[in-house]
Amino acid sequence: MTTHETIRQLLALSAAGLLDAADERRVREHVRECAECSTALEELAAVSADLCRLPAPMAPAHLLARTEARVAAELAAQTGPRHGAILAVGAGLFAWMAALATWGLYRFLAGSAGWLAWLLLTTVPAYMAAGAVAVMFASRRRLERSV
Amino acid sequence: MIYQAALFEDVPVAEPDEIVRLRRRDSAALACVVGRYQHRLYRYLRRLVREPAAAEDLFQQTWLNVVRQMDGYDSRRSFDTWLFAIAHNAAMDLLRRKAGESLEESGRELAAAEPDALSAAMASERTAILAAEMAGLSAPYREVLTLRFEEGMKLEEIAEVTRAPLSTVKSRVQRALETLREKMTARYRKEDLI
Chain A
1 MTTHETIRQL
11 LALSAAGLLD
21 AADERRVREH
31 VRECAECSTA
41 LEELAAVSAD
51 LCRLPAPMAP
61 AHLLARTEAR
71 VAAELAAQTG
81 PRHGAILAVG
91 AGLFAWMAAL
101 ATWGLYRFLA
111 GSAGWLAWLL
121 LTTVPAYMAA
131 GAVAVMFASR
141 RRLERSV
Chain B
1 MIYQAALFED
11 VPVAEPDEIV
21 RLRRRDSAAL
31 ACVVGRYQHR
41 LYRYLRRLVR
51 EPAAAEDLFQ
61 QTWLNVVRQM
71 DGYDSRRSFD
81 TWLFAIAHNA
91 AMDLLRRKAG
101 ESLEESGREL
111 AAAEPDALSA
121 AMASERTAIL
131 AAEMAGLSAP
141 YREVLTLRFE
151 EGMKLEEIAE
161 VTRAPLSTVK
171 SRVQRALETL
181 REKMTARYRK
191 EDLI
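Those protein sequence lines, which keep their order, are chains A and B. Under my numbering, the first residue of the first sequence is numbered 1, with each subsequent residue one higher. Under my numbering, the first residue of the second sequence is numbered 1, with each subsequent residue one higher.
The following block holds chain A by itself, in its conformation from the complex (with noise of 0.2 Å):
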């Protein structure tokens, strides 16, 4: 490939500002001497040039409102089922201490033979209700998926 051909190539590049320095230069002393390539470069300079001032299509006002009311709704969406299961975690954890407070008033009134009867007391209900979230956040994801 000739000078020319190469340099030929570069000058869409070279108009559009996209050129390392060497290249730039290269260029620039080619289309000093070559006609051809002088008259091609203004030319895409100018095309170059017109495409910064394209009339440029504004977003319409309401897409901006739309745009913000979707985004919020998306965002209430993957915040609530997170502040639900740390309320959730919270609650369960709190429900475990109290069930071990009361395992001293529990003893005092029922004795040392009534561990059993405690635990089934305290633990089961907790597990139960630990269920019984799981589906109420699963069924609520699967509404909100379906919205």
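It should be emphasised that the hints constitute simulated quantities derived from the structure, not laboratory data. Treat the hints with care, since some could be wrong.
[To be verified] In silico SDA-like links for lysine to any residue, alpha-carbon gap of 20 Å or less:
{"#": "1", "chain 1": "B", "residue 1": "K154", "chain 2": "A", "residue 2": "D23"}
{"#": "2", "chain 1": "B", "residue 1": "K154", "chain 2": "A", "residue 2": "E24"}
{"#": "3", "chain 1": "B", "residue 1": "K183", "chain 2": "B", "residue 2": "R126"}
{"#": "4", "chain 1": "B", "residue 1": "K183", "chain 2": "A", "residue 2": "D23"}
{"#": "5", "chain 1": "B", "residue 1": "K183", "chain 2": "A", "residue 2": "E36"}
{"#": "6", "chain 1": "B", "residue 1": "K154", "chain 2": "A", "residue 2": "G17"}
{"#": "7", "chain 1": "B", "residue 1": "K154", "chain 2": "B", "residue 2": "V67"}
{"#": "8", "chain 1": "B", "residue 1": "K154", "chain 2": "B", "residue 2": "S171"}
{"#": "9", "chain 1": "B", "residue 1": "K183", "chain 2": "A", "residue 2": "S38"}
{"#": "10", "chain 1": "B", "residue 1": "K154", "chain 2": "A", "residue 2": "A49"}
{"#": "11", "chain 1": "B", "residue 1": "K183", "chain 2": "A", "residue 2": "P55"}
{"#": "12", "chain 1": "B", "residue 1": "K183", "chain 2": "B", "residue 2": "S167"}
{"#": "13", "chain 1": "B", "residue 1": "K183", "chain 2": "A", "residue 2": "C52"}
[Claimed, not checked] Beta-carbon label-pair distances, calculated as ranges:
{"#": "14", "chain 1": "A", "residue 1": "R26", "chain 2": "B", "residue 2": "P165", "range": "20 to 30 Å"}
{"#": "15", "chain 1": "A", "residue 1": "A95", "chain 2": "B", "residue 2": "E15", "range": "40 to 50 Å"}
{"#": "16", "chain 1": "B", "residue 1": "R24", "chain 2": "A", "residue 2": "L105", "range": "40 to 50 Å"}
{"#": "17", "chain 1": "B", "residue 1": "P16", "chain 2": "A", "residue 2": "L93", "range": "52 to 62 Å"}
{"#": "18", "chain 1": "A", "residue 1": "A61", "chain 2": "B", "residue 2": "D71", "range": "23 to 33 Å"}
Note that the coordinates shown come from a computational prediction; the quantities given were computed from them, not determined experimentally. Don't be surprised by glycine CBs; every beta carbon is placed ideally from N, CA and C.
Assemble the complex: chain A is given as a structure, and chain B must be docked to it using the hints.
Chain B only, in chain A's frame:
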């Protein structure tokens, strides 16, 4: 003579603290960022898909995807290129489904729509004609032109948005500009003869 990227110094971009708040799912920060990018993003999507209704749908879809993918955003990367890459993916999905839209870099381009006489007279006639000629190019060419000349992106950034190799981006810019030059030169030569 050579195009100056410095023209884009006052382009609205997201502030670093807005990005931090965005990652915390702060709805006020998100509203600010959507507002900042509304015209840039909409313009890019309009250039790419051409139809206003489709561009509006994609605009909304892009921001929903931003919210969904925010955890995957690497703050060392440019937010602009990340955002435009999300918009690019959504637009490409749509264009692939759309009949008659070519994603190939076709040498034979569509005939440009004639700009209506009034708008051409009111705006600069040459830029109105150029906009119509650009709309006649295939999507990959329209995309690199808008990212370079309207968004002021560098080659590497365009490659990141379009997920194309640098050499492909270079050849797309080159062919798109050459095609427009030929069309504009031919049009003005023809008008000179009349």
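Verification of the hints:
Straight-line distance between C-alpha atoms of K154 of chain B and D23 of chain A comes to about 16 Å, which keeps the hinted pair within the 20 Å bound. Taken as a hint, the K154 of chain B and E24 of chain A pair is honoured in the structure, with Cα atoms around 15 Å apart against an allowance of 20 Å. A distance of roughly 12 Å separates the Cα atoms of K183 of chain B and R126 of chain B; the hinted pair therefore holds under the 20 Å criterion. Distance restraint check for K183 of chain B and D23 of chain A: the Cα-Cα separation of roughly 27 Å exceeds the 20 Å cut-off, and the hinted pair is therefore not satisfied.
The suggested pairing of K183 of chain B with E36 of chain A holds, with an alpha-carbon distance near 18 Å, which does not exceed 20 Å. For the hint pairing K154 of chain B with G17 of chain A, the CA-to-CA distance comes to about 9 Å; that is within 20 Å, so the pair holds. Among the hinted pairs, K154 of chain B with V67 of chain B is inconsistent with the structure: their alpha-carbon atoms are about 26 Å apart, more than 20 Å. A distance of roughly 14 Å separates the Cα atoms of K154 of chain B and S171 of chain B; the hinted pair therefore holds under the 20 Å criterion.
As the CA atoms of K183 of chain B and S38 of chain A are separated by approximately 18 Å, the hinted pair is consistent with the 20 Å bound. Straight-line distance between C-alpha atoms of K154 of chain B and A49 of chain A comes to about 16 Å, which keeps the hinted pair within the 20 Å bound. Distance restraint check for K183 of chain B and P55 of chain A: the Cα-Cα separation of roughly 19 Å lies within the 20 Å cut-off, and the hinted pair is therefore satisfied. The hinted pair formed by K183 of chain B and S167 of chain B fails the criterion: a straight-line CA distance of about 24 Å is larger than 20 Å.
Only pairs whose Cα atoms come within 20 Å are accepted, and K183 of chain B paired with C52 of chain A is accepted, the gap being roughly 18 Å. The hinted window of 20 to 30 Å between R26 of chain A and P165 of chain B holds, with their beta carbons roughly 23 Å apart. At roughly 44 Å, the beta carbons of A95 of chain A and E15 of chain B sit within the given window of 40 to 50 Å. Judged by the Cβ atoms, the range 40 to 50 Å given for R24 of chain B and L105 of chain A holds: they are separated by roughly 43 Å.
Between P16 of chain B and L93 of chain A the Cβ separation comes to about 37 Å, which falls outside the hinted range of 52 to 62 Å. Checking the proposed 23 to 33 Å range against A61 of chain A and D71 of chain B shows it holds: the Cβ atoms sit about 31 Å from each other.
In summary, the structure is inconsistent with hints 4, 7, 12 and 17 from the numbered list given earlier, while agreeing with the others.
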